[in-house]
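Asks: Sequence:
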Amino acid sequence: MTNYTESDERQALRREVAKLAGKFGREWFTEKARSGEKTTELWLEIGKNGYLGINIPEEYGGGGGGIGDIAAVCEELAAQGCPLLLMVVSPAICGTIISRYGTEEQKHRWLPGICDGTSTMAFAITEPDAGTNTHNITTTARRDGDEWVLNGRKIYISGVDEADNVLVVARAEDARTGKVKPVLFVVPTDAAGFEARPIPMEIVSPELQFTVFIDDVRLSDDALVGDEDGGLVQLFAGLNPERIMAASFSTGLARYALDRAASYAKERTVFQGPIGSHQAIAHPLAQSKIEIELARLMTQKAAALYDAGDDLGAGEAANMAKYAAAEAACDAVDRAVQTHGGNGITQEYGMAGLLVATRAGRIAPVSREMILNFVAMHSLGLPKSY
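Counting from 1, position 81 in the sequence shown corresponds to residue 81 in the numbering used here; the numbering is continuous, with no gaps.
Take the hints with a grain of salt, since some may be wrong.
Below, simulated BS3-like cross-link-like pairs (lysine-lysine); rule was C-alpha separation at most 30 Å, straight line [what the hints assert, rightly or not]:
no., residue 1, residue 2
1, Lys179, Lys384
2, Lys19, Lys38
3, Lys266, Lys19
4, Lys289, Lys23
5, Lys38, Lys107
6, Lys48, Lys32
7, Lys32, Lys19
8, Lys48, Lys23
9, Lys181, Lys107
10, Lys289, Lys266
11, Lys23, Lys266
12, Lys107, Lys48
13, Lys23, Lys38
14, Lys384, Lys181
15, Lys48, Lys38
16, Lys289, Lys19
17, Lys19, Lys48
Read the hints as simulated data drawn from the structure, not as lab findings.
Starting from the given sequences, assemble the full structure and let the hints guide the process.
Replies: Set out below in structure tokens:
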């Protein structure tokens with residue numbers, strides 16, 4: 001075995017997840033999304049088989065694996081046409097942060113439900129006026145006796161309607177210095193003063209996006225995750241996994257689109273022979289195959305660095321992987337649509353909806369421009385531009 005091939009266990013995991021997701025398939029997934037239904041059946045099935053919390057320690061109901069394992073699950077689901085966005089959020093971001101920084105009581109309270117799929121947790125960081133700039137977060141947390149009071153607004157928060165709790169990033173004032181610092185709270189979605197309104201989206205997805213209003217939400221002290229002075233370190237513990245998962249989400253969708261395009265190109269005959277025999281069709285698809293495999297390799301590297309505890313190295317690789325995967329996915333889907341010709345924009349062939357789905361990868365969870373800023377600054381040592 002070399003460092004460039006995954007372990008036999010990881011490869012077996014991929015095969016099992018692909019087999020499971022294949023029983024559901026793209027048509028089932030799209031039907032659920034279009035009718036406003038949820039993919040709960042698949043979610044619970046993944047949980048029951050132990051794949052959902054595969055990255056969470058065994059003593060809390062998880063599989064004791066690494067971020068590379070949960071990323072593999074995410075990718076194989078997407079490659080079967082069943083991309084589950086909340087996998088990025090619930091086990092990877094929230095599960096990681098709570099596993100690393102939660103108290104024993106918090107871990108036992110929240111992690112088992114995240115692992116078996118019965119209690120999903122959403123993540124709320126983005127705000128209407130802050131966008132990618134986490135330093136501009138205005139959601140505030142203030143102490144009131146032995147309670148915390150939260151106020152603020154969040155936007156583009158995925159799957160709040162499917163979640164029992166939301167991990168909210170807020171800012172608290174440091175009593176000693178008067179400066180604000182980021183703090184993390186688990187907020188129940190049925191808390192008084194917590195309201196979520198769906199945002200109409202063009203994307204065909206069973207997971208909805210929400211604007212969240214937090215008005216005088218009162219929380220006990222044990223809702224605070226981690227050290228109140230832990231600051232950005234705790235928050236960033238969830239952001240590398242988020243980027244690695246986003247990369248796998250993109251490469252999975254890219255693989256699905258390329259697979260459909262290649263199948264179509266082998267069968268469709270317009271002049272002499274199948275259209276796949278023409279280089280104008282074959283070369284763009286071959287190019288996508290190369291781009292996808294490069295992105296997958298960088299994702300594998302990012303996951304390996306993260307699981308080895310190299311947060312700095314993982315940060316660079318995770319950003320690069322997420323960038324490369326989103327670009328590869330957008331191009332693969334565009335080429336898949338073109339390969340299908342007019343059929344590429346019909347509902348029957350299911351390609352056009354992927355244009356919006358993959359396009360989101362260039363924007364979220366961090367924009368390609370901010371990744372380029374990161375690489376310019378941290379990898380190349382160029383002066384900061386913002």
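Asks: Of all the hints numbered above, which does this structure not satisfy? Sort the numbers upward.
Replies: Of the numbered hints, all hold.
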